[in-house]
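Asker: Spelled out from the first residue to the last, the chains are:
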Amino acid sequence: MELHKQIITSNQQIAPNTYILSFKRDFIFAPGQWIAISLHLNDTPRLYSIASGISNDEIMILFDIKAGGELTPNMATLKKGDEIFISNPQGSFFGKSGKGWWIATGTGIAPFKAMLDSGLGKDKKLLHGGRTLDSFYFENQFSEALGENYIRCCTREKGDNVFEGRITEYLKKQNQLPPDEKYYLCGSSEMVVETRDILVDKGVPYENIKAEIYF
Amino acid sequence: MLKEKLFGKNPDEIKSIVNELGMPAFTAKQILDWLYKKDINTIDEMSNISAINRALLNEKYEFGIDLPIKHQESKDGTKKYLYPAANERFIEAAYIPDESRNTLCISTQVGCKMGCLFCMTGKQGFQQQLTAGEIVNQIRSLPERHQITNIVYMGMGEPFDNLTELMKSQEILTSEWGFAMSPRRITVSSIGIIPAMITFLEESQCHLAISMHSPFDEERNKLMPIQHVYAINDVIKTLKEYNWHGQRRISFEYIMFKGINDTEQHVKELARLLNGMICRVNLIKYHAIPNTPLEGSDRETMYKFRDSLTAKGIFCSIRQSRGEDIFAACGLLSTKELVKKN
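Protein sequences appear in the order of chains A and D.
Position in the first sequence (first residue = 1) + 9 = our numbering.
Position in the second sequence (first residue = 1) + 73 = our numbering.
Here chain A stands alone, though its shape is the one from the complex (with noise of 0.2 Å):
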């Protein structure tokens, strides 16, 4: 895979653990695409999915550090002027305009913040899972854009209009889920298999789910 240098204009922490890296913009994507990211040319790189709008300046990627992770506890110390390499854009998980669901666990919220910055978020609803209230990324942003539409399932702790419990939980309380509308899943295996079982078993076919799997 060939990288390619970006220099870094911020790394702000958004939440414990968790840090937003932004670069500017030299090249073209589609919402919902990744690149791959290293901190040096000869390092393994790992994937990230791209968390901006396709015309916006800069380019921005939520990540949380992994626990004895080989990469993210360093990009954490990253900071203004310090150099990155990337990948040029791929994948194909791309967002549509038209109904639809975003589901995302954690840090899986990215590519749908993207979808919505450039400008797919009507008549979407998104279903966000955390386990503490701090870990809604980008909350202002999809709550001024969705209203109602924006669910947040939280795990641990209760908030105002916040759901107690996983999104698997929000799910099967759910009398009728649109079975003609489009499902986007993103997060863990866990998550997305087990929300892919509970929608295939309100009547979605398999065909209206598309999942992107954080690995």
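Hints in this document: simulated from the structure, not taken from any laboratory.
Fair warning: this is a prediction, and the values are worked out from it, not measured in the lab.
Check before you lean on any hint, since a few could be wrong.
[Said to hold, decoys possible] Here are the simulated lysine-lysine pairs, DSBU-like style, with alpha carbons at most 30 Å apart:
1) D/K76 with A/K75
2) D/K310 with A/K105
3) A/K105 with D/K295
4) A/K88 with A/K105
5) A/K105 with A/K134
6) D/K295 with A/K14
7) D/K133 with A/K181
8) D/K148 with D/K133
9) D/K331 with D/K310
10) D/K110 with D/K241
11) A/K191 with D/K341
12) D/K111 with D/K78
13) D/K110 with A/K191
14) A/K211 with D/K111
15) D/K148 with A/K75
16) D/K241 with A/K182
17) D/K313 with D/K241
18) D/K358 with A/K211
19) A/K105 with D/K331
20) A/K211 with A/K167
21) D/K76 with A/K181
22) A/K108 with D/K295
23) D/K295 with A/K75
24) A/K14 with A/K108
25) D/K341 with A/K14
26) D/K78 with A/K75
27) D/K341 with D/K313
28) A/K105 with A/K182
29) A/K182 with A/K108
30) D/K88 with D/K76
31) D/K88 with D/K148
32) D/K313 with D/K148
33) A/K134 with A/K108
34) D/K295 with A/K191
35) D/K313 with A/K211
36) A/K134 with D/K341
37) D/K133 with A/K131
Since the structure of chain A is already known, use the hints to place chain D on it.
Answerer: Chain D in isolation, oriented as in the chain A frame:
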């Protein structure tokens, strides 16, 4: 105190232990022989190592073999073994005896991150990586280990998502100091994580099998989420850059799903994609698993598909279904054991 396992370590690691414990340098070779060439299960059985040095080893290390805790046997002779892994997890290995070969199918992870729609292992989610020792232990601790002729990495998990331990396990299997198996008797099956696949192609001589299951992007996306990241077109483009004219083989696994990927259009697209490659396509009958909206194609459709693909110049065969009565290939045994444990 939890002791570290010696089994699964390579010569450099054993030399380092020998050095650390102040043993003579030649002890490293002796330990390696006991680990990989002989049939013992404890450090105390290493009879050419002095009692003092065995006691030193025993203080911090254990031999590191884990015997299977359960097995099921199919009426066709296939046996599925359940092995313990770290943190009270379980993995499966399937022993498939045949007239001309006896194949062992081994696992590389507990669970899997890839979330393929048709896979029972994926329903467990990802639990943990296996170490090289845990991977090779599935071979070493098999009651039929001396009858094994072929190894396939097609059990639980995605091998290329555990590349370091995969490569280390292959080093143990194929090195002269290890099991000294021919790499031509070992096949790694993957969904095609391209960067890891390139490392494997360059640093291993073992065969490769790619899980394709559909030649069409949109369709494969829905069956296998990895397609969004590493598209099958890119996997094949990468594979075409390597020389497959020698003894090393590349094959494509193709599970046939009724009314989904078993049409003449699929034959045409497969033939187009694989044009110019020396490869084989293995058609596999799908055995439905709980809560999955897929059915297997019928035999007649599979024969027709095979014949059409063969007529287009692609070597194609239908893999004989083995161990159906014990769900030999689907991760059900370990899933049940995990549920029981929880």
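Asker: So if I understand the rule, the pair passes when the alpha-carbon distance is 30 Å or less; does D/K88 with D/K76 pass?
Answerer: Since the Cα atoms of D/K88 and D/K76 sit roughly 18 Å apart, the hinted pair holds (cutoff 30 Å).
Asker: Verify the proposed pairing of D/K148 with D/K133, using a straight-line Cα cut of 30 Å.
Answerer: 44 Å, violated
Asker: Assess, step by step, whether the Cα of D/K110 is no farther than 30 Å from the Cα of A/K191, and give holds or violated.
Answerer: 56 Å, violated
Asker: Going straight from one Cα to the other, do D/K313 and D/K241 come out at no more than 30 Å?
Answerer: 26 Å, holds
Asker: Can you confirm whether the C-alpha distance between A/K211 and A/K167 stays at or below 30 Å?
Answerer: With Cα atoms ~27 Å apart, A/K211 and A/K167 stay inside 30 Å; holds.
Asker: Given the hint that A/K134 pairs with D/K341, test it: the Cα-Cα distance must not exceed 30 Å.
Answerer: Violated, at roughly 39 Å.
Asker: Is A/K191 within 30 Å of D/K341, Cα to Cα?
Answerer: This hinted pair holds, its Cα atoms lying about 29 Å apart.
Asker: Are the Cα positions of D/K358 and A/K211 separated by 30 Å at most?
Answerer: 27 Å, holds
Asker: D/K310 and A/K105 were given as a pair; does the straight-line alpha-carbon distance stay at or below 30 Å?
Answerer: Roughly 28 Å separates the two Cα atoms, so the pair holds.
Asker: Does A/K75 sit within 30 Å of D/K148, going by the straight-line distance between their CA atoms?
Answerer: 46 Å, violated
Asker: Can the restraint linking D/K295 and A/K14 be considered satisfied, given a maximum Cα separation of 30 Å?
Answerer: Between D/K295 and A/K14 the Cα gap is close to 34 Å, so the pair fails against 30 Å, i.e. violated.
Asker: Is A/K105 close enough to A/K182, meaning Cα to Cα at most 30 Å?
Answerer: 27 Å, holds
Of the numbered hints stated above, those contradicted by the structure are hints 4, 6, 7, 8, 13, 14, 15, 16, 21, 24, 25, 31, 32, 35, 36 and 37, listed in ascending order.
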